[in-house]
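Undergrad: Chain V is already provided as a structure; the job is to place chain U on it using the hints.
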Amino acid sequence: MGGRMVDFGGWDMPVQYPAGTIEEHLRTRKHAGLFDVSHMGEIDVRGADAIALVNYLVSNDAAKLIDGQAQYSALTTPEGTVVDDLLVYRFASDHLLLVVNAGTTEKDWEWINSHKQQGTAEFRNLSSDYCQIALQGPDALGILAKLTDVPLADIKYYHFTEGRVDSVPAIVSRTGYTGEDGFEVYAAADKAEQIWNKMLDAGNFGSATGVLPCGLAARNTLRLEAGMALYGHEINEDTTLLEANLGWICKLNKGDFIGREALAKQKEAGVARRLVGFDVTERGIARDDQEVVINSQRVGKVTSGSPAPYLKKNIGMAYVPSELASQGQQIQIDVRGKLVGAEIVKIPFYKREK
Amino acid sequence: MANIPDDLHYSKDHEWVRVEGNVAVIGITDFAQDSLGDVVYVELPKVGDDFAAHEAFGSVESVKAVSEVFNPVSGEIVGINEALADAPEKVNTDPYGEGWMIRVQMSNPGEVDSMLTAAEYEDFTKAEKE
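For the record, the sequence lines run as chains V and U.
Taking this note's numbering, the leading residue of the first sequence gets 18, the next gets one more, and so forth.
Taking this note's numbering, the leading residue of the second sequence gets 923, the next gets one more, and so forth.
The hints are simulated quantities; they were obtained by calculation from the structure and are not laboratory data.
Backbone N, C-alpha and C fix where the C-beta goes; we use that ideal spot for every residue, glycine too.
Among the hints, erroneous ones may be present.
[What the hints assert, rightly or not] Below, a list of computed lysine-lysine pairs in the DSS-like style, where the Cα atoms sit at most 30 Å apart:
id: 1; chain 1: V; residue 1: K284; chain 2: V; residue 2: K368
id: 2; chain 1: V; residue 1: K47; chain 2: U; residue 2: K1012
id: 3; chain 1: V; residue 1: K81; chain 2: V; residue 2: K371
id: 4; chain 1: V; residue 1: K329; chain 2: U; residue 2: K1012
id: 5; chain 1: U; residue 1: K1048; chain 2: V; residue 2: K330
id: 6; chain 1: U; residue 1: K968; chain 2: V; residue 2: K355
id: 7; chain 1: V; residue 1: K47; chain 2: V; residue 2: K363
id: 8; chain 1: V; residue 1: K173; chain 2: V; residue 2: K318
id: 9; chain 1: V; residue 1: K329; chain 2: U; residue 2: K968
id: 10; chain 1: V; residue 1: K81; chain 2: V; residue 2: K173
id: 11; chain 1: V; residue 1: K371; chain 2: V; residue 2: K330
id: 12; chain 1: V; residue 1: K282; chain 2: V; residue 2: K271
id: 13; chain 1: V; residue 1: K282; chain 2: V; residue 2: K81
id: 14; chain 1: V; residue 1: K271; chain 2: V; residue 2: K47
id: 15; chain 1: V; residue 1: K81; chain 2: V; residue 2: K329
id: 16; chain 1: V; residue 1: K355; chain 2: V; residue 2: K318
id: 17; chain 1: U; residue 1: K1048; chain 2: V; residue 2: K355
id: 18; chain 1: V; residue 1: K215; chain 2: V; residue 2: K355
id: 19; chain 1: V; residue 1: K47; chain 2: V; residue 2: K173
id: 20; chain 1: V; residue 1: K355; chain 2: U; residue 2: K934
id: 21; chain 1: V; residue 1: K173; chain 2: V; residue 2: K355
id: 22; chain 1: U; residue 1: K968; chain 2: V; residue 2: K330
id: 23; chain 1: V; residue 1: K318; chain 2: V; residue 2: K368
id: 24; chain 1: V; residue 1: K282; chain 2: V; residue 2: K47
[To be verified] Far from chain V by the CB rule (all over 10 Å, computed), these chain U residues:
id: 25; residue: V941
id: 26; residue: D960
id: 27; residue: D972
id: 28; residue: H976
id: 29; residue: S981
id: 30; residue: S984
id: 31; residue: V985
id: 32; residue: K986
id: 33; residue: V988
id: 34; residue: G1001
id: 35; residue: R1025
id: 36; residue: D1035
id: 37; residue: L1038
id: 38; residue: T1039
For reference, chain V alone in the conformation it holds in the complex (with noise of 0.2 Å):
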């Protein structure tokens, strides 16, 4: 593809293909990207007790899951930050999925297996069994309903089925890191070719509405537009879920899990600090580790800055003091020695209309 490649996590992915960052980003929001993220870890758990052993590890309720159905979680520290942030995936009561960071599989791996309760259910650490392609945008069904006999269209968010693409077994999820509508395909690892290129086939890839291939700065990009988290930049051993506004996955009355008290705890006191968006208001670029200056006070760190392709402005995620964070307040960001102006705003940035 004449992609530019990068190490990643051990993973030689590509940064960007020939397009470029925000051709790719662009296509992405009014047609289709496709992405690569057989990266990502696939740890597989079979046993009667599944759901309980997981539930001990993660900080959302995959109780509350039904067959075919999947959701955003975290393995939580006892400190209430964050191991790594994950899928879970149900496909039947004593069968889940976890689909972590490549990044940090190896890492999860010992996690979980030093952290788990005693129990029957097997942990089998699969990532090198699958690859995942990311179709993503709103021209992703139609193009996907080309390979696939799978009734898409009734696949609610956030729910899966298995079924065969291009005839190859698959897990098809309605999932995806980009604010768009889209689907993730999960195969087994020797597919990956023949599937990106049947999609690329079926999405008109090298028309002007064609789907584009898109590498790491786009799918970054894109869902930092989208007010997702990254592991390793809103959200690690260090943040704890509250902070980084995940409240919403930390089910604290689901039973004992990680992390439950000191996060019970910090929900009683109130967070000290907080992660928030911001606009960059004066002319410059925040980026990440950038330092935040409120009243000429060094008052947190940037955790993740860019230009917004689709919004064209320049954006970011910073952590700052709870009583700072409100939206409206001014803040500046030390850009290289220059200070540079900007406001705090609401999270998401982008939101796609449906």
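TA: Structure of chain U alone, referenced to chain V:
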């Protein structure tokens, strides 16, 4: 294959210089713009600023990254490409033409002689790619 015009001088930091009398017109190369990706912001100095050779005079930002740009020759800024404020993408579409960045009144015009020729720069970029 990157475009490397024969009539320009090149730096190892991927700037080019076109000599017009005692004035050096400076920008970044096709190889550099291609490596950066979509340029979304160009920060330039002010007319009248003085720079030593190899000093950073500004920065170029793509969606993903920031790169400083260096002045290959010493001298005073006598012109900047103000069009880049509203159309930074000219650095991508026409790096040797409308994407030029600054004009420098050279204090030591001999400095361009130590820069790379087109052929030398081509070898240099091939080596960098490997």
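Undergrad: Each of the hints needs a verdict: does it hold here or not?
TA: Verification of the supplied hints:
Straight-line distance between C-alpha atoms of K284/V and K368/V comes to about 28 Å, which keeps the hinted pair within the 30 Å bound. Taking the CA atoms of K47/V and K1012/U, the gap is near 24 Å; set against the 30 Å cutoff, the hint holds. With a C-alpha separation of about 25 Å, the suggested pairing of K81/V with K371/V holds against the 30 Å cut-off. Restraint check for K329/V and K1012/U: the C-alpha separation of about 17 Å stays at or below 30 Å, so the hint holds.
Distance check on the hinted pair: K1048/U and K330/V sit about 36 Å apart at the alpha-carbon level, beyond 30 Å; violated. For the hint pairing K968/U with K355/V, the CA-to-CA distance comes to about 16 Å; that is within 30 Å, so the pair holds. A hinted pair counts as satisfied when its Cα atoms are at most 30 Å apart, and K47/V with K363/V qualifies at roughly 23 Å. Taking the CA atoms of K173/V and K318/V, the gap is near 37 Å; set against the 30 Å cutoff, the hint is violated.
In summary, the hint linking K329/V to K968/U is supported, as the alpha carbons are separated by about 26 Å, within the 30 Å threshold. As the CA atoms of K81/V and K173/V are separated by approximately 16 Å, the hinted pair is consistent with the 30 Å bound. Of the supplied pair hints, the one linking K371/V and K330/V holds, its CA atoms being roughly 23 Å apart against a limit of 30 Å. A threshold of 30 Å between alpha carbons decides the hint, and for K282/V with K271/V the separation of about 16 Å falls inside it, so the pair holds.
The straight-line distance between the Cα atoms of K282/V and K81/V is roughly 24 Å, inside the 30 Å bound, and the hint therefore holds. With a C-alpha separation of about 40 Å, the suggested pairing of K271/V with K47/V is violated against the 30 Å cut-off. Only pairs whose Cα atoms come within 30 Å are accepted, and K81/V paired with K329/V is rejected, the gap being roughly 39 Å. The suggested pairing of K355/V with K318/V holds, with an alpha-carbon distance near 15 Å, which does not exceed 30 Å.
Pair hint K1048/U plus K355/V does not hold up; C-alpha atoms about 36 Å apart against a cutoff of 30 Å. Of the supplied pair hints, the one linking K215/V and K355/V is violated, its CA atoms being roughly 48 Å apart against a limit of 30 Å. At most 30 Å may separate the alpha-carbon atoms for a hinted pair to count; K47/V and K173/V meet this at roughly 21 Å. A threshold of 30 Å between alpha carbons decides the hint, and for K355/V with K934/U the separation of about 27 Å falls inside it, so the pair holds.
The suggested pairing of K173/V with K355/V is violated, with an alpha-carbon distance near 47 Å, which exceeds 30 Å. Under the criterion of a C-alpha separation no larger than 30 Å, the hint pairing K968/U with K330/V is consistent with the structure, at around 24 Å. A hinted pair counts as satisfied when its Cα atoms are at most 30 Å apart, and K318/V with K368/V qualifies at roughly 25 Å. Between K282/V and K47/V, the direct Cα distance comes to roughly 44 Å. Violation of the 30 Å bound is thereby established for this hinted pair.
Remark: the non-interface label on V941/U is consistent with the geometry, its nearest Cβ contact in chain V lying 31 Å away (cut-off 10 Å). For D960/U, the requirement that its beta carbon stay farther than 10 Å from each beta carbon of chain V is not met, with the minimum near 5 Å. Its beta-carbon lying about 19 Å from the closest one in chain V, D972/U satisfies the requirement of being farther than 10 Å from that chain. In this structure H976/U is separated from chain V by more than 10 Å, as the shortest Cβ-Cβ distance comes to about 19 Å.
S981/U, annotated as away from the interface, has a beta carbon of chain V within 10 Å; the closest lies near 8 Å. The beta carbon of S984/U sits about 8 Å from the closest Cβ of chain V, which is not more than 10 Å, so the claim that it is off the interface is violated. Under the 10 Å C-beta cut-off, the non-interface status given to V985/U relative to chain V is violated; the minimum distance is some 4 Å. Against the 10 Å criterion, K986/U falls within the reach of chain V, whose nearest CB is about 5 Å from its own CB.
For V988/U, the shortest C-beta to C-beta distance to chain V comes to about 7 Å, within the 10 Å cut-off, and the non-interface label is violated. The claim that G1001/U lies off the interface holds: its Cβ sits roughly 20 Å from the closest Cβ of chain V, which is beyond the 10 Å cut-off. Distance to chain V confirms R1025/U as a non-interface residue, since its nearest Cβ pair spans about 22 Å, more than 10 Å. Every C-beta of chain V lies more than 10 Å from that of D1035/U, the closest at about 33 Å, which supports listing it as non-interface.
Every C-beta of chain V lies more than 10 Å from that of L1038/U, the closest at about 24 Å, which supports listing it as non-interface. Annotated as non-interface, T1039/U keeps its C-beta farther than 10 Å from every C-beta of chain V; the closest such distance is 27 Å.
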